[in-house]
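J.: Here's the letter readout for the chains.
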Amino acid sequence: MEIVVCVKPVPEAETRLRPDAAGTALDPEGVKYVLAGYDESAVEQALLLRESIPGSRVHVVACGPAPRTEEVLRAALALGCDVATWVDVPAASADEPLSAARALASAISPHSPDLVLCGKQAGDNEAGVVPAALGELLGVPDLSYVLDVRWNAGASRFSLKRASEAGLESWTVPAPCVLGLQQAWNDPRTAKLPAILKSRKAPIARVTPPSAAADPASSPRRFELPPPRTGAKMIEYKTADEAATRLVRALREEAKVLP
Amino acid sequence: MPDFSLSPEQESLRDLARKFARTEMTPHAAECDRAARFPEEIYRKAYDLGLMNLNVPTEFGGSGLSLLDQCLIVEELAHGCAGMTTSIIANCLALEPILLGGTSEQKERFLAPFCREYHLASFCLTEPSGGSDAGALRTRARKDGDGYVLDGEKCFITNAPHASLYTVFATVDPALRHKGVAAFVVPRSAPGVLPGKDEEKMGHRASSTSTVRFEEVRVPESDRLGPEVDGFSLAMRTLDQTRTPIGALATGIAQAALDHAAAYSLKRQTFGKAIAEHQAIQIKLANMAQAVHAARLLTWHAAWAIDHGARGTLESSIAKCFASDAALHVADEAIQTFGGYGYMKEYPVEKLLRDAKLTQIYEGANEIQRTVIARELLRAYA
Ligand SMILES: Cc1cc2nc3c(=O)[nH]c(=O)nc-3n(C[C@H](O)[C@H](O)[C@H](O)COP(=O)(O)OP(=O)(O)OC[C@H]3O[C@@H](n4cnc5c(N)ncnc54)[C@H](O)[C@@H]3O)c2cc1C
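Residue numbers (this note's numbering), protein chains in the order written: chain D, 106 to 364; chain E, 60 to 441.
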């Protein structure tokens, strides 16, 4: 089974973000790009499926500029993906979900995968569009907010769970399909040192999509940081009892939200 | 021109160690320190990820890293917990004599099975009667038929109660001093190997330290490392390799102290403003940052020199001595920045001072490092 997993380089959680000079995007200077949590869960799911389906292969695909895209592809290879493809597009196109989906689809479709896994949304702009757009562009069913995907060989279908606000749904879906994965339900593995060293030397296929321009209609006009939050009050304490007492006092006497 | 940039490969090794330190070590550091608990589950995880046996070539199942790469990892681990790091890197120290002095047959026989699964090893040089004067060993290696009988006691041995393999330095004749020292590999299973009970320590309390008694322990000649007279030199060449990572370990402690102090200084208010806005605190932080930066660069330089074929006695002594003094000073200033809270066990900085202290003592006390530095230095002027 050919399993494709799509990942997006996103700024590390601890990064100090700032807008670029034009004020329309994040300034990439000094930013470290990593796999987002959603994508880590998608990679983990792909590896679990490969381990349970003999003869399967995990192909990791990412679109974006160098060097950040190569870095996350190598991180995915270190986790155990078999091959990697870098779809070389400018940052603006990778951040615009429809052109990202087009770029990914052009790289994926020649491989006719049985399954395409993505995080349910990007870890940075959280658009959540790519899985559905990929399904449309590849002409296969898609489903998001997915977890716990298993292959039912007898029925030639995937069985999976879907977590929604309403509860937990059970589905079966035919192959091929595109699935958007939930975050942090499968305890993604950590890459081991020898695998990290090996991944640095692994080949990465580079492809350029036919058209890579971001659509201005679905790109943001401005990018600003949220105003700094004010009014927070830290409560100093030694013991849990003391913390609770002081908190209740502050809620009652200062915030006046308790009688 | 020197190039101080790290390769993407080195960045990813450092990221691995940093992530491991932040997620697996830091959250348990205070508890292990308080209870003097040896967190074997953490050491097993470190082994599984390839963060142990860093210096052992991959052909024998180790990670096969350059000294600079090892230093990058050790600094990050020590930022999480210095005591745990001492126990994680003790294998590098214990196995180095085999790497330097072992025949290929001995390396295959000892290292391959050892590195194939989680095992700990201990380096047994120091004795109750003295550590600095390693030529004055009293543990005897008596020639007996086709082998030796070891008899004597070692002390302050890291990981000894948990180790399955020991590299042991003993004298065939105390009158020969340095020239009588021989090195041996001794499995824990050999009859007469008796590790003592854990010492109660000031710092590095997640590490385990004890005596080891060798009572009439039979060792075949095939388990001796190098020629009989070569043991002292082997011990010194081992420490030339492992001293630099101690500089990195000290740098990790110092960086942690600076991180805590800087973050606290922005939160703590006195006289109507954050203490970071008082110039006295700014000067403190600036001096701490200089010390950390210099410690790191001296460590990198020593590692780089050794990776490029230098013996590195001078460079590694400077790095270890400077970084450990810096760690103690920076930890001290971090406590001062925290004021009374810094003195309380509930806050993380007093542990850093206790942990930093050891780095001035082990792997050659700093007085000995200075003796070595002066000797190497004066040689150039004589
Ligand atoms: C937690 C811990 C873990 C350790 N782990 C190990 C281990 O795994 N394996 C191992 O073999 N050892 C280990 N050691 C031992 C350590 O290396 C020794 O403690 C150290 O080498 C100093 O030896 P000593 O304690 O006997 O002090 P001494 O040699 O008695 O020295 C006492 C003091 O005198 C100074 N001094 C000695 N000689 C001179 C001189 N010629 N000139 C100037 N000053 C001098 C010393 O610097 C020191 O300040 C460990 C020690 C500790 C505390």
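Some hints here could point you the wrong way.
[To be verified] The calculated lysine to any residue pairs, modelled on SDA-like cross-linking and capped at a C-alpha distance of 25 Å, are: (1) K303(D) - Y177(E); (2) K202(E) - T185(E); (3) K78(E) - G185(D); (4) K78(E) - L302(D); (5) K338(D) - K202(E); (6) K104(E) - W290(D); (7) K297(D) - T85(E); (8) K297(D) - K404(E); (9) K416(E) - Q395(E); (10) K332(E) - G185(D); (11) K303(D) - G128(D); (12) K137(D) - G398(E); (13) K343(D) - K256(E); (14) K166(E) - K326(E); (15) K238(E) - V208(E); (16) K303(D) - G398(E); (17) K326(E) - K404(E); (18) K104(E) - E117(D); (19) K104(E) - M339(D); (20) K297(D) - K166(E); (21) K332(E) - Y342(D); (22) K266(D) - W290(D); (23) K303(D) - T185(E); (24) K332(E) - G398(E); (25) K343(D) - L325(E); (26) K104(E) - R294(D); (27) K297(D) - E167(E); (28) K326(E) - E336(E); (29) K297(D) - P124(D); (30) K297(D) - G398(E); (31) K404(E) - M339(D); (32) K137(D) - Y342(D); (33) K338(D) - E426(E); (34) K306(D) - H367(E); (35) K416(E) - E167(E); (36) K338(D) - K166(E); (37) K256(E) - T185(E); (38) K303(D) - P172(D).
Calculated from the structure, these hints are not laboratory results.
J.: Hinted pair, alpha-carbon criterion (25 Å max): K338(D), K166(E). Please report holds or violated.
T.: The hint is violated at about 60 Å.
J.: With a cut-off of 25 Å on the C-alpha distance, tell me whether K297(D) and E167(E) pass.
T.: Holds - the C-alpha atoms of E167(E) and K297(D) are around 23 Å apart, at most 25 Å.
J.: For K326(E) and K404(E), compute the direct alpha-carbon distance and say whether it is at most 25 Å.
T.: 19 Å, holds
J.: For K297(D) and P124(D), compute the direct alpha-carbon distance and say whether it is at most 25 Å.
T.: 35 Å, violated
J.: Is K297(D) within 25 Å of K404(E), Cα to Cα?
T.: Given that 25 Å is the threshold and the Cα spacing comes to 34 Å, the pair is violated.
J.: Going straight from one Cα to the other, do K416(E) and Q395(E) come out at no more than 25 Å?
T.: With Cα atoms ~16 Å apart, K416(E) and Q395(E) stay inside 25 Å; holds.
J.: Holds or violated: are the alpha carbons of K104(E) and M339(D) at most 25 Å from each other?
T.: Violated. K104(E) to M339(D) sits at ~36 Å, over the 25 Å cutoff.
J.: Holds or violated: K297(D) and T85(E), Cα atoms, limit 25 Å.
T.: OK: K297(D) and T85(E) at ~19 Å, within 25 Å.
J.: Please verify whether K404(E) and M339(D) have alpha carbons no more than 25 Å apart.
T.: The given pair, whose Cα atoms are some 21 Å apart, holds under the 25 Å limit.
J.: Is it true that the CA of K104(E) sits at most 25 Å from the CA of W290(D)?
T.: 21 Å, holds
J.: Taking only the CA atoms, is the gap from K416(E) to E167(E) under or equal to 25 Å?
T.: Status violated; Cα separation ~37 Å.
J.: Within 25 Å, alpha carbon to alpha carbon, are K338(D) and E426(E)?
T.: Roughly 49 Å between the alpha carbons, so the hint for K338(D) and E426(E) is violated.
Checked against the numbered hints above, the structure violates hints 5, 8, 10, 11, 12, 13, 14, 16, 19, 23, 29, 30, 32, 33, 35, 36; every other hint is satisfied.
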